[in-house]
Amino acid sequence: MTEDTVKYLPLSKPKIGISGKTGSWRIFAPEINYDKCVKCYICVVVCPEASIFIENDRPKIDYNYCKGCGVCARECPVNAINMRRER
Amino acid sequence: MMSERKVIIDTGNSAVAYAVKDAEAKVIAAYPITPQTTIVEKIAQFIEYGEMDAKMIRVESEHSAMAAIIGSEAMGVRSFTATSSHGLALMHEMLWYAANARLPVVMAVANRTLGPPWNIWADWGDAMADRDIGWIISWAANNQEVYDFTLISYRVAEDKRVALPAMVNLEAFVLTHTSMPFEICGKEAREFLPEYDPIWKLDPDDPVIMGNIFSPADTMKLRWDMWESIKRARKVILGAIQEYNEMFNRDYEGLIKTYRMDDADYAIVSMGTIGEEAEVAVDALREEGLKVGAIRINFFRPFPREDLVNVLNSVSRIIIIERSASLGAYGQILQDLGPTILLEKLQVDVNDVFMGIGGTDVSYEDIVNVVKRAIKGELKTLYWYGSENW
Amino acid sequence: MVAIRDLAKMEDLLLKGNAACAGCPIGIALRTTLKALGKKTIMFVPACCTSVVQGIGPGAAISVPLFNTAFETAASVASGAAAAAEILGKDVTILAWAGDGGTYDIGLQAISGAAERGDNVLYICYNNQMYSNTGIQRSGATPLGAWTTTTWTGKTEHMKDMGMILIAHRVPYVATASVGYPDDIYDKVRKAKEKKGFRYIDILAPCPPGWRFPSDMTIRLGRLAIETGFWLLYEYEDGELRFNGYTKLVAEGKKEFKPVEEFLRLQDRFRHLFEPKRRDDILEEIQRWIKERFEWYLSLAKI
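Chains as they are written, first to last, in the working numbering: chain A, 1 to 87; chain B, 1001 to 1390; chain C, 2001 to 2303.
By construction, these hints were calculated from the structure, which means they are not laboratory data.
Bear in mind the structure is a predicted one, so any value in this text is a computation, not a measurement.
Heads up, a few of these hints could be off.
To be verified - Here chain A is said to cover these stretches of chain C; the calculated rule only asks that three of the stretch's residues, wherever they fall, bring their Cβ under 8 Å from a Cβ of chain A:
id, segment
1, 2008-2017
2, 2025-2035
3, 2046-2056
4, 2088-2102
5, 2132-2146
Here a beta-carbon is modelled for each residue, glycine too, at the ideal position from N, C-alpha and C.
Using the sequences and the hints given, assemble the complete structure.
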């Protein structure tokens, strides 16, 4: 009966990392200085890649997917994020 | 609220409206264009006077009409639209969308000439331009077929083995605005047409994303699936027709209708009302001792290759009568029948006759005239009826 | 106004590792929009960058149902879906999410039809003022003087005012927003969610490759656009036009718009207005237009 039904549909399922480990795209990587960080979580909200998450109250970068845009560093109100050149 | 099964005398457009009502379509989106207008007007009346429980979206163009019912069908709701001529041409992009998204919408097309010049009369060119897309396409010859084919179209389109949209063609004014008796099935139609159960739909409980970018290789498989599905549609149509015949006392043969073909030497091949008129011509020709038969293609897509081969392999000449032409090539029926003749190695002469284009009237006398000349070998292979006088 | 800390903890329905450029405003606008709308959302997305951001099938970077549709049909497909949702009795937000190309230009007819009919659709345009997906060509939303790949020496017409067009349709809710203020986006989307009928939000979305600026400046430019009056922040609700944020402060006379040059200078799409020589004629026209447009909006706000 499998030959008698529709087999291929133009449908996709939700997937994290659909374009691969997009962390490989970056040239600069953000580094959070937790001494300065006031846990306002602005970086979590503004990250265009949704790649900053909260763990044990701290914002943490998901380096698998962070594309290194630098928006978090630019928007951090206490300058706690530094964009370090990776390559 | 649902009507009982009964015979009424009404126009082809009303037949569409009754079928949509009896199919319990729930979303109708349409834009007015002559001569489709009274289909939508009647459905609007049904809804507003409480005879039909559905939503009508009075869209601002035909393109939006097809887009809107694509949206509602994707949500899992049986939907409908109707158009004609320029409206169908405007919708063209979205016909691809419905087919490739595997959404079994049903649409009635009042076949009308495209301009310029302005012309509101019957011509098959509008629908013919869309025959490649993957829609199930039928052509009605009378108002009973208009009604029946619409219900059958829903049944076939929504079948899980098919999942492709369907188009029912009825000729401008000849059927749309002509009254004749036909039976409507009322609530019994739902015994033939089950609840729409989509093979996919948009539902937050099970999120799917439809139609983002797919690779060429994957896309080819998607198209192949459509090819296989419309091929399968032939047996789905036959099964549906058989069940319909039993339930409602019809005697549809299948994808084609044959008339006096058993001992025919010559076959007239046509569609729609011209195909039915050809049967009258057959009787007249038989009176003169010419063994002519008629074949009417009911379902043009999937193209009924096997059905036609079975019935054509014993004739010496086929006279195709077409109400449209693929300019620069042949008539579209010949374009689709020709390969069959070639591949099956049928030894047969063919005439491709263009009649009724632009809405010109076609009477059985015209058909008799043409067939007699064809049989005598006096007709060009590609012939525009009457052009010797132009 | 939603607190940033709360916004930070909401579930992400736009998934990371997608195909968007680094610093793409979709990542802020859509992310925030979906946080405001939640899982009971069905998206209708015409051809635009979001079509590509989803990535290549059979996977996609989004976890709500999404129907990719033809360019001009965001509003028309959504209208049909809204009718179906009502028939099914489904409690769901029908979201049409489109770029400015599919909104201001090719999609305008369908929007006007849906707005006039009052179809129950939330239409959000994320506006980077050009046909971004096809390679930075000019659209009806492109501002005067901007470089695009079809206006190499700068666009010679001002941008279309889509907000005003929707206000003229007298729909229940029209708002502008900017990725410079994600919390404002959240609030407006949440407000629009609770309303019925055709609701329209136009989110200014600075685009690094299209506007030519470093990828970390997306939000900064989103704010500067408001502070210079280049983009206005307002809501039209229940027949009343009200300003928000910095725009409101200027309307109340508490602040002034910064010179638009401060905004233009940071984007290379306007570089030819400063180098090799200053184009004062165009710069003054932009500044004049900003003043004139705001005065017109001010007069409407009084009614």
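Do the hints match the structure? See the list:
1. 2008-2017: Per the Cβ count (7), the hint holds.
2. 2025-2035: holds (count 6)
3. 2046-2056: Coverage by chain A holds for the segment 2046-2056 of chain C (3 residues, Cβ < 8 Å).
4. 2088-2102: violated (count 0)
5. 2132-2146: Coverage by chain A is violated here, the residue count being 0 at a Cβ distance below 8 Å.
Consistency note: the structure conflicts with the earlier hints numbered 4, 5.
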